[in-house]
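Protein chains in written order, with our numbering: chain A, 51 to 344; chain B, 974 to 1729; chain C, 696 to 776; chain D, 784 to 941.
Since the hints were made in silico from the structure, they are not lab data.
Quantities reported herein were computed from a predicted structural model and do not represent experimental measurements.
Worth double-checking, as some hints may not be accurate.
What the hints assert, rightly or not - Only part of the chain D face toward chain A is listed, based on derived beta-carbon distances under 8 Å:
{"hint": "1", "residue": "828"}
{"hint": "2", "residue": "848"}
{"hint": "3", "residue": "913"}
C-beta atoms are modelled at their ideal positions from N, C-alpha and C, and glycine is treated no differently.
The primary structure of each chain is shown beneath.
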Amino acid sequence: MRYERPTTMKQASVLLTREKGSAFVLAGGTDLLVRMRTGFVEPDLVIDIKRIPATREITSAAGGFKIGAAVTGAELGEHAKLKKAWPGVVEAANLIGSKQVQGRCTMTGNLCNASPAADSVPALVAAGAKAVIVGPNGKRTIPVEQVPVAPGKTSLKKGEIIESIVLPQRPPRSGDAYLRFIPRTEMDIAVVGVGVSVTLDAKGVCTDARVSLGAVAPTVLLVPEAAKALIGTKIDKAALDALAKACSAACRPIDDKRGTREYRIKVAGVLARRAAQIARKRAAGNARDRAGGK
Amino acid sequence: MPLDSTQQNKRDFKVVGTRPLRPDGIDKVTGRAKFGADATAPGMLVGRILRSPHAHARIKKIDTSKAEKLAGVKAVVTRADFPDKTDGDAALYDVLYNIMARDKALYEGHAVAAVAAVDARTARDALKLIKIDYEVLPHVTDVDAAMKPGAPVLHNTIFTDGVEPKPKKPSNIVRRYEFGHGDVEAGFKKADIIVERTFKTEATHQGYIEPHACLANVGPDGQGELWVCTQGHFMVRDTCARLLGMDISKLRVTASEIGGGFGGKTTVFIEPVALALSRKANRPVKVVMSRDEVFKASGPTASTSIDVKIGVTKAGRITAADATLRYQGGAFAGSPVEFGAMSTFACYDLENVRAIGYDVVTNRPKQAAYRAPGAPMAAFAVESVIEELAHKVGMTGIDFRIKNAAREGTKSSYGPTYGPIGLLPTLERAKQHPHFQAPLGPNQGRGMACGFWFNFGGQTCVSLNVNIDGTVALSVGTPDIGGSRASMCLMAAEELGIPYDKVRAIVADTSSLGYNDVTDGSRTTFATGMATILAARDAIKKLTARAAQIWGIEPDAVTWEKGYAKPAGANAGNFPPLSIAEIAAQAGATGGPIAGHHEYSADGAGVSFATHICDAEVDPETGATKIVRYTVLQDAGKAVHPSYVEGQFQGGAVQGIGWALNEEYIYGKDGRLQNAGFLDYRIPVCSDLPMIDTVILEIPNPGHPYGVRGVGETSIVPPLATIANAVSAAAGVRLTSLPMSPPKILAALDRKAAAE
Amino acid sequence: MVKVVVWGSLKPHTGGKAELEIEAGNVRELLNRLGEAYPGLKPQLARGVSVAIDGVIFRDGWHEPLRKDSEVFLLPRMVGG
Amino acid sequence: MSNIHVRTKINGDVVEYVCEADETLLDVLRNRLGLTGAKEGCGTGDCGACSVTIDGRLTCSCLVLGAEADGSEIGTIEGMANGEQLHPLQRKFLEHAALQCGICTPGILVAAKALLEHNPKPTETEVRFGLAGNLCRCTGYDKIVRAVMDAAQEMRRA
């Protein structure tokens, strides 16, 4: 195996494009090194992108945020502005692994790992985040939900790397939340994850919403029916019932060592309710409520 | 052999019962302590083991030629390198078969070959070059399935023992056990209420954080050294020497610091393989298990299936108790079902009682001991039914238990009549504990349970040397897992009447001290402690004799008090007391080095009881359980170092919490373990838990000079039932299957809702 | 003679009896004579047993004395974790 | 297999080593530099026994390549005491008997130190979540949490 540490995205992309064998991008490495350790992958080339300045910064872009591919969970948690604008996204990213893992893991890595259970992805999808991709044919930008196509598979083409993730500008009276279910209080992979983002009008009526589910299908799902259940309502009990129903209906889960099919379907609805209420409170400007997703 | 146990109540202790810093502490907080994987040797090779991917397969052919030709490979071993030298010892043959598969691989992870190479990569590549021709066979991993007629049979040599007539056909049922007395059928006729239920528990792993590791070094002269993390280095020496046909005297085993064992390090896995590789390569070889190997190829405990039937009168007196226990212990005989069956009803005073146990083999790793082997699962089943019965007769769980509790003079469910035991005191203390009065919040339930464990003594040998400055070097042969060196120093200091810090205890290697049994059975503080006390008394005899010489009086005219030799009385003569240092300084002139020894088979360990209380909160929408409060009350006989007694109580309780809620071996249809790692084998993390309150009771054990009882194991017996009772109370539905994972709890809540 | 009680599943090897009368002054004699009188017990004796005398369990100790009125139980050899 | 030359600082001292591209920092520390205080409990970032800090950030050294450490500053358990002066956490762990077998202790001490540097006045819950990445199988964590809270209080007074 070779280890390369380019200083520009261009170099990184060229290295990726030229490699005949198996090449992997290393940012936090909290997934890649585990897969190497367990013999699941045996890379010929590992490209460490942490020396590329663009991957390390959080910058404001068009009223939103541009988050470099190598920005760690811990760094996200320490960025007050980002936390205020997108608390759900940040708390989702901060749920990945332990404090030790937080010091290394990245949302882009979480996304490119293409695990249906990735914690930060439902929050990013609900947030309407986009991925900025650099490749042999220049840059392109796509919605994050279009990155994973199947467990462990992404839509990235040979030589393409995600440089950053862009979170859009936040309209007033907007809020988001992410909740997941795990058997312990920490250190587990989500059995079900739900991301909700809402925008309210002055009367508290929901004018826009996005709802996303994790660990209930081969990829993270964007659930328009669930959003419809909220839009035009004050996110009251009836709306929450409809939301829960829509979420459970959208699930296409499997039985596995982490949970049963029935369990995931049921709990998806439960968590959607809880997440929507938190998102609504945040949108209404109530910042005191902390998501008890753990 | 009860010693001066009469004195122990009067005795007022000087240092025993205090909480000094442990002698190995600095090394362990600075990273200096050397554990199994921390040793190196010049020219050391890396050993790696190839393991079966199949749950059950005939090994038709092993071709190692390519691996042997790979540059950097210095030795390859297979079954051919482990000829059967066990001459008829069935248990030892099972160990041999387990450390290296013979005609068949009996579980996923079963060792089939091993290599020693110059580095890890070469070793890994060499394993890939070993070609094994498997004939895959049907497998079975569930205990009930394995007992069914027509189940895949692991060994054509197993014909169920203990049943009449002896079966003609081989099966997976190794042996039937039966314990009890009276007439259960007649007893059930007298009952007003009978509860009968079936319970299941999944296999769990001890989960010690340090994977098995050893460094072997064998020369062409047949002399060997082994550095290893184990609960018993003498056991490792004797077992490896017998398996490899070495003279025991030629193999010297040193116990490293050990990173947890809980029973899982009371046998051998990689050690004989490392020695065989080293002998073949004539180089030192280090073998360290990966975590994945630890889960797949060390010794988890049994999974079980248990029926319990108990009858009571309206007045709340038990008339009969009956249980059938089925334990699978992996691919070889020896599941802990006999102790499960013996301990099943040990907490109760019963006229009619029966416990039947079946030892079953399946295509899983060979089980090893796990803290009170076999008892926690049985207690889970029995204490669940007891709680249910109590409520049915309109009593609280604690009053029902007090009414039926075993006490001095009770004929135990496994036979013998109890002497003084500590069950009632733990129950009565629990009843008064504020925990029982504390209010419960919404969705919370409170549970309790009792637990029992035997404890034992075993072969023990201690050597105590008095240095010329009067300090003491204490050599013990039982590895220190939880601070036992501190306890030994305390007992030696107590007996000699010198300060704690004047004694240094070390765990001696197998060539420096006589044989010692494994650190298990909660025996170390009891048995090694008693040997330490007796070795100190032996040293005192010699010290007083030397003082007599110095004074020129008769030895029996000298007594020992608080670290000084004194004339026994006025007529013995008027001499100023001689300190241990003053006597030691003259050792050369008065007959040479002064040392005390004791070698014995310790018995009279004394059984141990505990009562646990738990508050659990269940989220009715997700089935998630939170342990809100937990209290352990246990009899320690005498707490030598109370901090480490509390530590044993707390650690056992938390392992039980993991077992009850989230830990389980999950097998796929292919017979492969699906969660061989700490990510999906979910042991409790810090944020899952509350503080664990402890109450140490001290009901002296007549079999120990200070009244000490073992405390290491009993603390894991009550938790499974305690938590099941708390969760069942919180959820309003009885949980009968462990672990009580959220999907199981939510499904139970749905069934309940559907029924209502 | 001392009375020794064996656990239920050994009965097939003792002609169905759980309570056996054995002429023995100590544990060693007890175990030897048991093996002689009931050869079917030998494999279990070889696997190892414990002997409970008046409520105290002895895993080892051949020379523990047995009195006529001693309460003696044969038990499986104790193990632990 | 191309070896990589790395220059780094470990516990304040400049250290240079050569490692293989796929070698983890944990293997480098243990096998090449003889710093065996960091333990391998799992090799997959689930147990925290290999905890170290890199440029002040707590991490599992089993999830870092040795090559990545070039130019960074690493802190390990071996650097925690100041000469014969134990760090308050180390002392409190001994006083509270917060270790039994001791295999997880180095990782927990490194994690606890990092926790207190970011949060000098943690609540019990914050300590528990702060140490959730460090598995201990012996103690049930009770005495560990008490030791960390006690050390935090002493360090605040100092």
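Taking the hints in turn, this is what the structure says about them:
1. 828: Cβ of residue 828 of chain D sits 6 Å from chain A, so the hint holds.
2. 848: Interface hint status for residue 848 of chain D: holds (7 Å vs cutoff 8 Å).
3. 913: holds, 6 Å
Of the numbered hints stated above, none is contradicted by the structure.
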